[in-house]
Every structure is written in C-alpha cells, then in structure tokens.
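> One letter stands for each residue in the lines below.
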Amino acid sequence: MAPLSQHTVIKCQDLAIGYKSKKKASIIANAIHFSITQGTLVALVGSNGIGKSTLLKTLTAMLPTLSGSLQIDAKEITDYSALALSNKLSVVLTEAPASKNLTVQELVSLGRQPHTNWMGSLTQKDKNCIQQALEDTDLASLKNKNCFELSDGQLQRVYIARALAQDTPLIILDEPTTHLDLYHRASIVKLLKKLTLEKNKTILFSTHEIDLAIQISDKMLVMTPNNIAFESPCNLISQGAFDDLFPNEIVVFDKKTGRFSIT
Amino acid sequence: MIIQNKHTGLFVLLCLLLVGVVFINISLGSVDIPLQEIFNSIVGTSSKSSWHYIITNYRLPKAITAIITGGGLAISGLLMQTLFRNPLAGPFVLGISSGASLGVAILILGAGAISGIFSTFLLSPWSLVMASALGSFLVLLAVLGVTLKVKDTMAILIIGLMFGSLTGALVAVLSYFSDAEQLQQFVFWSLGSLGNLTWQGVAIISLCYFIGILLSIYSAKSLNALLLGENYAKSMGLKIKKNMLVIIVATSILAGGITAFVGPIAFVGLAVPHLTRQFIKTSNHFVLIPAVAISGAILMLVCDTIAQLPGTVYTLPINAITSLIGAPVVIWLLVRKRKLIF
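Just so you know, the protein sequences line up as chains A and B, in that order. For the first sequence, the working numbering begins at 1 and goes up steadily by one. For the second sequence, the working numbering begins at 264 and goes up steadily by one.
Just chain B, with the same shape it has in the complex (with noise of 0.2 Å):
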C-alpha cells in the first residue's frame, strides 16, 4: 500500500525521466561525452580513458550528488510545509539553511582560532555534516519553539526571516575576524557547488540521506495525521511531541546535511513539493516522499546541466540556477491558483 495502484504509471514514467535526465547530465559538460561511452564506462569496458577517468571521477560523482541534494531538500521542504502547516515553509525559507551556514562558518572561520592538528580534525568532512546539522537543528528547534507559542502561519515565515537575518550577521561578524584564506574557503562553500565532492563525501551524504529518508517514512503516517492539525492528530492517539522531534531531526539531517557539502540551495526544498502536487492528487505522505524526491532528483539534475552551459568552458553557481527557475515556478503557481495549499 505504499505506492497505490493508480499512482505506479507515473512513478515509472517519473524513475524512467530520472534515468534518462543522469544520462544526459553526465553527457553534457564542457567535454561532450555519448551516452553510448556512459554505458560502457559504468559497466567497466570504456574505449577511451580520458571520459572513463572524467566520468567516474568527476560527473558520476556530480550527478549523484544532484539526486540526493534535489530529493532529500524536497523532502525536508515537504516535512516542513506539513509540520508547520505553512505551504511557504522550506530549508530555505524558515533560515534553516542559514543555520547550516553558521555552523559551517563557526568550523571553517573559527578553526583558525585553533592551531594545529585539532583544526586539520575539525575541517574533516564528518566534522562539516555535524556541525551543519547541528546549525539548521537549532534554528528549527528555535523556529519549532516559537510557533508553538504564536499560533500564526504568517508569524513563523517572519520569523524565520528574521532567524536568517540574524545568522547571517553573525557569519558577517565572523569573517571580519578570520583571514582571507578562511574566508575565501567559507565564499566558494556559500556559492554552492554540486562538483566538489569526491567518493567519500558522496558516501556521508547518501548516508544522510538514507537516515532522513527512513526517518521520513517512519512518521509518514503521523505527518498525515498532522495535515488535521496538532489537535486532531493527538486525538488520534498520535505522541505528538516524539513525532515531531523525529520530523526535525529528519529535516535537520537532510538539509543540514546536505548544506553541509553542497552549500545553502535556494528553493528546491519550497517549490518541488508545490510541483509535485500538481501531477499527484493525493495528501498521502506515503506516496508524495518517494514521489517529491524522484521530482527533486530531477529538477537538480536539470539545473546543474544547464549550470555546466554545455560545450563552454564555463560553470555557473548552481544557486543561480535554482533561483531562475524555482522563484518563476513559486509565483506562476500562485498566480495560476490564487494560493498555495499543500
């Protein structure tokens, strides 16, 4: 009963445009590859060594990178639209990135501050994740905090503004402190890059994204609970408190996680679930994760290819990208459907 019947045609169309969207993000770069040389070279028998060496080191590693950077901050943006009854809400919206951003900005610019092998340890990327999920958990325990105490959709965007605002003159504070070295370290971070991680980053984040993802579908059943309300879903015998610590810690790990290695990416984790509701009719959490992940999936993919302006040389931040199509996308919904719903 995951995944009912009537919604398997478009799950395989959506995992069979998923498939197609890798091969052509792999193929197109600044060196255009066939997709027949894909192929081969995931199999193990590429005729040249140059695109072999290119494709594994480089855009295998990008594009898989791209899936779970576009899946798991659609989730976390449809964990949030539900938890906090606010189709507005979203990593990046509610300063949840920029909580990532501080706890990344406290590691990279502080470490200065401490010399020696203690900074080389601090500047591992296990270190990076923590720190990153560490940030965006507090400020959405903040955001959590104060919205059980204000009762008002429109208070806890405000407050996430304000949140946003006030991590990012804390991280202003911080590089006027820190060398130029530092800060042009934490810059190229905040910029947001999907092509900076080797394998092993590429394990940490999967890993992140499978914790959020079975997280995700553990409290399915009390996210859809909570689309009643807090009210309702208590009377439906649901431990609310438990649940929606396990929904933040969910979203804390997806999105602080992934912020971690990629960089603060503007809303994918807002207008990926509003995009998916519009070809899946149902409020079933059970079916929209799988569904919100594969659509985030591929809208990544396709904003990264256009990032890497095919047949140029040039690569343009994947941020802008993000921002280009994602705002147009949130204002055309609104103006088609007078509101958002979620």
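Pulled out of the complex, with its shape left as it was, chain A reads as follows (with noise of 0.2 Å):
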C-alpha cells in the first residue's frame, strides 16, 4: 500500500481563489499551499465565510483560479476538459437536486454518465459498480425508493453512492453533515473514512463538526484569516491551529478533548 499511497492527488502552490467580476478579481483567500495524496480523508474546517465552499469551488473547477498553481494528478486544473475531469473527481454539492422524483437507483446510475455513450446505455460494467457503490453505501435495500420519499440522512448517503458510482479516485464533498443529527454524521463520516481505507479513495470534505473531525481524518485543512494550515489533527492541535479558528470571546479550544466549549 505504501508506495501507491504516496501518489500526490491535489496539489496547490500559492493558489489564490475568490470571484472574478467584470473587471476586478476579490480575492477571498490567497497563498495557499497544500498537497493531499492518495488514500487520505482530509476535513476542511473554518468559520463560516471564510471561503471553504471558494476553496471547494475551486478545486471542483466551478471557479477558476484567480493566480498561482492548482494540480489534479499531477495536470493543471485548467489543462482538463470536462468529461477527463469527470474522470478524476466526483463531487457530493449542499445544494439538493433539482428532481426528486428520481428513484435511488436512477440517481446513482447517473454517475455513470461520464462512462456512458450518448444514450446513456449502462453496461455490465456500470451496472456493477452501481450496485458497489449501493452496497458500500448500504442503499441496496432503498433502491427503487423515490428520493423524496427518504430522509436527509438517507439522501446524503444516495448522493456519496453516486459520487461512488462515477468511479473517481478523488472525492470532494461540500458539509456533508450538515442537517443530520450526531448519530447520522458520525455514520457519514465514518462511511467516508471506510471509503478512504478500502477502496484507497481521496476525500476532501468541508465541515463544521470539527471535534468529529479530529477524531476520524488523516490530515485538516484548518482555514483562519490570516493562514491556512494543512496538517494532521494531533500536529494542528500542539501548534494551536483551533485557537485562532474562532474569535476567543464565546467559544475556546481545549486542547485535552479536542473540543470547543462555551466560555
């Protein structure tokens, strides 16, 4: 495992993101540095608008660079079309589909699109993997549901199974868990690390469960105004990374849980 393991899948250097307008660019957050390889579960945290979803954004190729060097398996993120990017990354959005009425299977089976001809005709193949990615998911017994007829526990597991499904070595998910109550996060997230282990996926996902966080990822990404630091959890916590996350005056670090508490 080890040397695959080592296989650099992002790699930023001095990337600055933000939105471009007609004529001036605002930057949201620039100099950032990191490099995930293969096989890590890596959890993005920050307060809100500090650009995490800029920073997904980005990576997902839904905005462009603003300046510096962002590459997916070692290529520019620019130098990919479309289709080869759907080959290399798969993505889980907060926003909900625009249909519900789709039943489970479909929903997956759409992740099979970049594979497909132009009727969309699923082969063995597709087939299989749709089912995989069913069972890792443990959907199998939901697929001829409606997806309005699910909860949202239930839907965010149909959406990482399509994700699955597009058979992508990278995965990014925007705040997978948000709207679930602890038992369902936990189970999302342990899901994403059982992804990360057996099948030597590399997930990136934004969150604001920062404790589920420490516990469960190999590296964060610890987004703060002046600084973006990329380490693993025990690492971020001895450097005080938490500290500054949040203004000091309603919640502190301690640094013993690994939890915020109310002063």
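By construction, these hints were calculated from the structure, which means they are not laboratory data.
Straight-line distance between alpha carbons at most 25 Å, and here's what the computed SDA-like set of lysine to any residue pairs gives:
1) Lys544/B x Leu597/B
2) Lys143/A x Gln541/B
3) Lys504/B x Thr116/A
4) Lys544/B x Gln132/A
5) Lys88/A x Asp14/A
6) Lys219/A x Leu70/A
7) Lys57/A x Lys100/A
8) Lys504/B x Met417/B
9) Lys311/B x Trp462/B
10) Lys502/B x Trp118/A
11) Lys311/B x Ile327/B
12) Lys269/B x Glu135/A
13) Lys497/B x Thr123/A
14) Lys269/B x Gln124/A
15) Lys11/A x Gly68/A
16) Lys190/A x Lys219/A
17) Lys190/A x Asp218/A
18) Lys505/B x Asp79/A
19) Lys100/A x Lys269/B
20) Lys100/A x Leu411/B
21) Lys22/A x Gly68/A
22) Lys497/B x Trp118/A
23) Lys57/A x Asn494/B
Since each chain comes alone in its own frame, lean on the hints to assemble the complex.
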C-alpha cells in the first residue's frame, strides 16, 4: 500500500481563490499551499464566510483559479476538459438535486454518465459499479424508493453513492453532515473513512463538526483569516491551530478533550 | 435501451390508443364517416368520393396536425420543465407562445407597411415559421439569461409572465396601427386552429417536429444529468452551455414552428408531461420523450374531437377546449399530490 498512497492527488502552490467579476477580482484567500496524497481523508474546517465553499468550488473547477497553480493528478486543472475532469473527481454538493422524483437507483446511475455513450446505456460494468456503490453506502434495500421519500441522512448517502458510482479517485464533499443528527453525522464521516481505507479513495470534505473531524480524519485543512494550516489533527492541536479559529470571547478550544466549549 | 422492457407494454397500449383515437377523430365531425370508409379511403378504395374528399383534404391533415401539435408542445413543455427546474414551465407559461405571437404579429401586421411582391414573399408559410420560431427563441433566450442571474424558480415564472405581457402589449400597439384585414387575419391565427393547414403546411410542421424530436433525443442524456442541477451536470463532464443551447433550439423549433401554424395553444405543454409522469414511473428522458409525445398526441386528438362538436356544423376554438381540459387537470394534480414534482 505504501508506494500507492504516496501518489499526490491534489497539489496547490501559491493558489489564490475568489470571485472574478467584470473588471476586478475579489480575492477570498491567497497563498494556499498544500498537497493531498491518495487514500487520505481530509477535513476542511473554518468559520462561516472564511471561504471554505470558495476553495471547494475552485478545486472542483466551478470557479476559476485567480493565480498560482492547482494540479489534479499532476496536471493543471485548467488543462482538463469537463469530461476528463469528471473521470478524476466527483462531487457531493450542498444544493439538493433539482428533481427529487428520481429513484435512488436512477440517481446513482447518473453517476455513470462520464463513462457511458450518448444514450447513457449501462453496460454490465456500469451496472456492477452502481450495485457496488449502493452496497457500500448501505442503500441496496432502498434502491427503488423515490428520493422525496427519503430522510436527510439517507439522501446524503444517496449523493455519496452517486459520487462513488462515478468511480473517481478523488471525491470532494461540501458539508455532507449539515442538517443531520449526531448519529447520522458520525455514520457519514465513518462511511467516508471506510472508503479511504477500503477503496483507497482520496476524500476532501468541509464540515463544521470540528470535534468529529479531529477524531477521524487523517489530515485537516484549517482556514483562518491569516493562514491556512494543513496537518494531521494531533499536530494541529499542539500547534494551537484551532485557538484562532473563532474569536475567543464566546468559544475556546480545549486541547485536552479536542473540543470547543462555551466560555 | 431507449425503452426499457418494463415500459414496452405501456408503449404498445399508448400506440393502440393513439391509433384508435385517430380513427375516431377522423370519423366524427359535421358529417359522420363510418370507420370502414376511413380505412378504405386511406388505402385508396373508397366507394363514396365526397367522403374520400373530406378525409384526404380536410380530416387527415387535421389529424396529423393534432398529433404533431400535441406531441411537439408536450415535448417542449417537458424540456422546459427540466431545463428551468420548474414544474410549472411550459411554452405558454414562460411566454414562448407570446414570443411566437409577436413574431407572427410583426410579420402579418408589419407586412402591410411593405407592399408589392415583397409582402407576398413575407406571408409565405416558411417565413411564418421563421418569424414564429425566432420570436420564441428570443423570448426563451431572454428567460434563460435571467434564469442564470436569478436562481429563484418562482422568479422564472414571474419573468415568463412579464415577457408574456410585454409581447402582448407590443402586439396590441402593432394591431392599433394596422388595417382591419390584416388584423382579422392575425386574430383568427391567435384563436388557434388545427384545421387550416394544407398538405404543404403539414409537411412543414412535420419537418419542425422531426428536427425537434431528433434534437431532444440527442439531448436526452444531458437532460437526465440536468435533473441533478447544473453544477452536478457539469461535474459529470457535461458541456453545459452547448447542451443548454441545443435544448433551447429544440424547444423553439417545436413550440415556435407549431405555434406558427396552429396559433398559441394553451396548457398542452404544461399538463401533458405531468399526466404522463402519473403512469410512467421514471425520470429517464429516453423514455419520457416518446411517452410524452404519444400522450400529447392522444390528448390533442381528443380535444379536437370535442371541439368539432360531432353531429353539428359548429366548431369551437381548439384553445378553449385545451384550457377547459388542461386547467382542471393541473389543479387536480396539485390538490392530489399537494405539489408538482418533475
């Protein structure tokens, strides 16, 4: 496993992110520097409005990079066609799909689109992939249900299954644990962990569950106004990276328990 | 895989129903023609020449027009509901029919300003289609342009309504300055009629219909991806701008081309996709497009049969019948399902 997991999947060098309007570009964050190797589970944390979503949108090519370099699999993201990129990375977005009239099976099957012909016909390989994705996310028994019949926790698993069916080495998820109770939050994060271990997937997800992320992720990206730290959770705690995450008047980070508490 | 096995039975049923409705539609009218005679007439062994004349020159082109109108408008409604992520989208609601009206109004009412050979060229069936398709294309493009800026699905409907009133107002201004003869021509067009088409007209809308269907089938995979929203579609390797443009062109050719000849027809585009979803439990556009096309054709033929008021010499405007049937259907769906989903 060791040589395989050394493979670098995402590499950012001096990356600046933000929004480009007609004339001027408004930079949300710059000098971003990190590289993620295959098979790691990375949690992205930071307070609201710090630019987590902007970073994820840039990494998924929904926003252009403002400056610096962003490589996916040792190739600049701008050099990818939409189709080539869809073979490298799949996404789970915060926005709900436009239609919820799809069955679970139909929605997950859509993940095979980059691999199918113009009619979207599913080959045996596609069908196996869909079945596998359904089983990995524990959805096989729900596959004929319509999406509007499902709970939020089940829906989130459906979106993850769709990304799995897309069969990409890298999966990026934007806040997959929002709107879920503690049990379902933990089960989603555990599912992500399992996928990195068993399928050697590289997974980057943003979250507000900092304590959960500390416990389970291999590496964490901590966004603060001045700096973006990228380290293992233990190192981040000893470096005091979480101390500056929020203003200290209301919440403080307890290094012993790895939790925030209200002052 | 276009039509999965589990849907085959349903499609056979729909096709049989369609054939049945076609025969009933042709047989009923101011003069009732026995079913056997219709068959003979189509094969070419009719015994009574007056029936043969009515069938080939009047009822058959009208039935074909109904099939194309119902199917084409229903497909354009389905495409718009997916494209705009809005269950209430349809050629009429989004102002596409009004756009087509504006195109036709400018052509018919404006032709008076240019006299001579030029105006006869302008009023040829082809220029009618061009003006109507162009009008609907422009309105659709404008609606889409606003949609990309405003991410609210309710706003799209309001914008569609606004475009509708805007074009309506322009048409009113145009009619004020045109003479009675042209105005009458336009008013008759705007009432909607399936029966005014010559075989040449039928040929032209058939062409629009087939181009529209080919483009829709070509877009079906992207339409399926768009069910998840633009960002997901993009992340699955879809060239979003190109595909949206193809869908819009398909919709304008279908809605614009058909509206040019039969006038603006209400509710078919909106109601038929929802009705079809009641009995076909899939969101796969490769199944929905043909299903919606056949259901739309059946509904249109039924409406037309009612509009002819069998046994009388009167014919009601087709637009009134589609509204009388379509509006309660939409209300019934809303009440029963509590919400419209697509």
